Amino acid sequence: MTALLVNGQRVEARAGDSLLIAMLRAGLHPTGGGCLCLGGDCPNCLVTVDGVAYTRSCQVKAEAGMTVTRDHAGGEPALLSDQATWAESAAPVRHIHCDTVVIGQGESGREAAREAREAGFDVVTLDARDGQHVTGVYPGPLVVAADGGGRVLHVHPRREIVVATGAAEIQPVVSGSDLEGLVTARAAAELVAASIDLGRAVAVGEPPGELPSGSLAGHFPLGHGGWELVRFEGAGRVEAVVLRTRGDGEAAEERIECDTAVLGLGRNPRNALARMASDLPVRVVGGAATEPELPPCPGEGTVCPCSGVTVADLDGVWERGFHEMELLKRATLAGTGTCQGGVCLPYLRSFLLERGGRLQPAFTARPLNRQLTVRELAAGAHTAVTARSPLHDEHLRLGARMDRAGGWWRPWTYGRQDDEYRSVRERVSLGDVSSLGKMAISGPDAEAFLERIVPTRVATIRPGRCRYVLMLDERAHLLDDGMLCREADQDAGDRFFLTSTSGGSGFFELWMRDWAEAFGCDVRILNQTASLAAFNVTGPQAARLLARAGALELPAFGRHRRVRVAGVECRIVRLSFTGELSYELHHPAADARKLWRRLLEAGAAFGVQPHGLEALLRLRLEKGHIVIGQDTDYDSTPRRLAHEWAVSLDKGDFVGRRAIVRTNKQPLDKRLVMLRTDDPPPGSVEAPSAEGAAIHDGDRYAGYVTSDTGTAAGGGATMLGWLYLDAEGRLPREVTVDGRPARRVDGPTYDPQGERARAAVDVASESPENVREFPVTRLEATDVAAGAPAERPRLRRLEATRVSATPGALDALVADPLWPATALAFRTAPDELLVTATPDFEVAGDPHAIVERETAFSYVWLDGTTAERFLDRECEWRRPSARPALAQGEVAGIPAKLWFEAGRTLILTPAPFAAAFERRLTASLAEVDGDAE
Amino acid sequence: MNEFTERQMKLTWRAPKESYDVVIVGAGGHGLATAYYLATRHGITNVGVFERGYIGGGNSGRNTTIIRANYGIPAAVRFYQRSVDLYRGLEEETDRWLMHQQKGILWMAHSEAAVRAERMRAKLNTEFGAETEFVGPRQVEELCPQLDMSGGGRWPVLGASYHPQGATARHDRVVWALAEGAMERGAHVHQNTPVEGLILDGKRVAGVRTAAGNVAAGVVVSAVGGHVSRLAAMAGLRLPIRTHRLQAFVTNHYRQQFGPIVASSELFFYASQTARGEMLLGAEIDPQPSFSYRSSHDFVQHVCRRALCLLPFMSDLRVLRQWTGVCDMSPDYSPIMGRTGVPGFFITTGWGTWGFKAIPAGGEQIAELIATGETPELIAPFGLDRFARDRTMADRGSAGTH
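The listed protein sequences derive, respectively, from chains A and B. The numbers in the working numbering rise by one with no breaks, and the one at position 526 of the first sequence is 526. The numbers in the working numbering rise by one with no breaks, and the one at position 90 of the second sequence is 1023.
Hints were generated in silico from the structure; no laboratory data involved. Warning: the hint list may mix true and false statements.
Unchecked claim - So, partial list: chain B residues that the calculated Cβ filter (under 10 Å) puts toward chain A:
{"no.": "1", "residue": "940"}
{"no.": "2", "residue": "1066"}
{"no.": "3", "residue": "1116"}
{"no.": "4", "residue": "1251"}
Since this is a predicted model, take the numbers as computed values, not measurements. All C-beta atoms, glycine included, are put in the ideal place defined by N, C-alpha and C.
Just need the whole structure built from these sequences, with the hints factored in.
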């Protein structure tokens, strides 16, 4: 015996009892009335179980300690759960791949499963009686179901979905059909089998086939020559069934007294799953494949118990002109409750047939066929990954407040906003820009390709030089911007390095590859966004700081060169976003932390202070540099942005050129301008408060502000904003912003000539003598092939090489490898290879191949069984069955590459996620162990 | 009877005539609103509205019923504010219960960058008449006590832009009230009567071919959703429209009152409570263009996960039903309304994810255009020719998801 609480009352359940049967045993009807079907087809047994409302008590096993409320709309869920970190601990989904899934294990379902197995197919069966309730059948194909043990199953059938869900029994719709004591024929058989006393039971319509003889006090067949159901009588519980003879003559009513009415009113196929998947490989068998039976048009009573819709309601809306099935449903809400039309649909059809003379199809079948909770359905999903810089932990160590921007965690401020700003303007500062998109581009068509995707002239960028470039769409609207460097070293062919904004790099790579394909350009593209870290050393003392760290040969403005800084190989690019002397240091991600610390150490003498994004936004604004997305939208042409200087119309075709030529013939309507105000805004001294503020030219609305520096200690603010030309086609000079006078300026008021950014540098006097050299060392063991499966999985940094070359050249390289036999090579794309060896080889057959050191990944080996257990829980997609095989995708919401060998599996994940991945791995394996016990 | 059963509207169906002064293709919200305002504001009632299915069966019956005006560019704010104002008076005007409920909308910021974006939105909206205020965490919590202000430990609520005029109304009732209002003044609405072609007189559109025969028209208005590109092609027009799926779902109802509409651009979802007490959730459009009405599990799964970060009280609510509509997306995330360059043919399309909230203003303005022959100032910026004239109405940032 099992004890549970129903509305505070102790109820004993026998082994195997459903919750409904346990309640009926105790004389409790879950909802106080309505015909019970025990098949999950009606809403008459809904209760709240352990706080989960709308639970079908006939489909839940009674378990010790359950708390049940006979109120299906449920109490009040706790406002805030104690799940502050629950986003981390989301339940995984169980994925099952098979040939055939059979939904329903009645006779026809068992038969279908047996046939498929005999034909050699891999078959999965789902049965509601085991708690495997199917919520929906989706494109994929994908069948989503509860697994009966609190988990969610995703079944992926390769071949076929068999719907063998049987047929539902038609419920009574007459006066009194909401009384207690009404059961369907099949339900009666089940209740008798569970030795529940039905009292004096009278069968109406088709009788149950499996009742012991003598358990029925009477039987009244329906239909022609038989009887017609008129109503049920009783107070609370049924006391009598009233029937009428159905013949040609005068109808006479007959009242039959009973304690229980057993109703065999016909069947309707449970075919909702098939109807919601009509374009999928679905086969319907058995009862689910039968034609729906149409009950007589109801004259009285509740048609839709979920929404409480009566026949009178249907008549009312019919009279008002609602004649379509969908309108009838929407005007009454019939069919929109838990049973999704299980009770009402046959009656709605017979009602509409009788009134309108037209048999209308069933309303659309929609998921969820069986309703799971929000928590259950969220299983297996993760919130979007926010990328981390290799310096993430360094920023935290320095007290940074991290903020999401452009899909990355970035330091917003280190808590010293004013000093962060001043260190750039007056001394020297470091800013992490690792989130910038970074692409290496080579190939015989590299220059021609770049000429076609950027509006700037590329041919005139000499080796060792760099230039600011725009990227436009076909409408000439600005998509992105960055800097384009041509490699100084031309030995390995003509190569370029192109950056893009943080948010855009994923899109940007695809965009470039699309155009390369569209133009038929022979280029190699290697996305180094994650491989390379980057930071900006900026401020008047930047060169001196770098010299102290050993970099004496610094590039001049507009140039770049490879320089060793504190023993780390860097590409140093000299342009400026802050307006000060600036060097951008691109270097392998694995070296980022060392270099960052070293520069902070060497910079102490100059008062170095890293700056966050907040300071950077202000610094760039004082120079009038735009931020994509904040200052631009989908109509920002170079002309509107006042960036005509970045467009060369006297070169060949490029993306957006035709749109520029066409729109240049239209009068200009607005322009992004710089504004200066001398007044501090009322009530605010520091915060940028004018963003979004309207700009007025006298009384004329003339645009709005997109960026505002806020007011610095010295007073006054600089802004960017859209300014509309006046009727005469002029841009006003004096305007107001929020009522404050502001002046349009033609360029930055801070260092208008750009002398600070372009300053000549003399570091001859700097002595790098006292600089400790950091030789390049392998941070971790690199010979991964020799790595034994670990007892306690730990992720370690991988030293590797990434190659971008033509598919043919890579084929040849893989066939005849130039690296030690112990190394592994993963073909991550047709034109890309990841090799666990150092980049001391060349690719024969492709002089333009890009071979670069790759230190952005961490790895762990798991033995085959451990890996399977882990991936079963954490991997949402289908894994390859062949060995060896490479697969790439998200695992536990983190991007990963998986290398499967017989008996062991290698997992690679971007190094900044290594710690999170390790936590997830450890926790998940512990949970699996827990499950196994 | 449940309290939501329709007890007021009376729809009167009539046989199609051979000719109408105005033929409207599509009896969704925009088509019926056009008929309604033609009849009520301009006395034009010789109007036939043709619908391939049932009235309001497209996106008018599949949206998430949100009404707001906090858009990102002045012309859009003014237009949607007109719609917000018309909605507020629509129950009184039609004398019908539309379940219009002003509940306010909170647009969450979980990052400093988003705080600045929401501050900017508040300022711009207020300037153009769509009152919006940036509110701090304390006020957010007061407005919506169900929020986990820590965002599940990962998405803290740093503030929100609050647009108090944000509202919802029962989508079907809006459609029916407009249909009834047009019908009772003499307009015809024809269900199950697909328009199969346009009748051209030279370049001019002079009528429509329907399943019920040819119908001559003084002017033809396309108020089609989902397949507008096909109809426009019949008039020789190529539209800059791509159609994408948009999905939503509801939970079973629960008894607490969930006050405002809550949206998060960073978590890509929004939630509100229906009059029946269900929690209604939506998100952004599917990235791939499609005409499919098929729902996906992936959508429910990920929206549930994201929503639980902010609204953990929903954990034990059951998801009851999910559905899909198809949205006509314009390249600049703004609608396309007005003349087409083809004589006799007007268009209202590009309603993307913002169609429902624009129903009254869209219908009113198109009706005025038809009645007066002049494009009203409010919709002049939204003409189809804006793309050729380089005057696109880029409004991606605030069009958001609903």
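Measuring from the C-beta of residue 1251 (chain B) to each C-beta in chain A, is the shortest one below 10 Å? holds, 4 Å
Per the CB criterion, is residue 1116 (chain B) less than 10 Å away from chain A? OK, holds: residue 1116 (chain B) within 10 Å of chain A, min 8 Å.
For the hint on residue 1066 (chain B), just tell me whether its beta-carbon gets within less than 10 Å of chain A. violated, 12 Å
Status of the hint placing residue 940 (chain B) at chain A (closest C-beta pair under 10 Å): Holds - the Cβ of residue 940 (chain B) comes within 10 Å of chain A, reaching about 6 Å at its closest.
Against the hints set out earlier in the document, a violation occurs for number 2 only.
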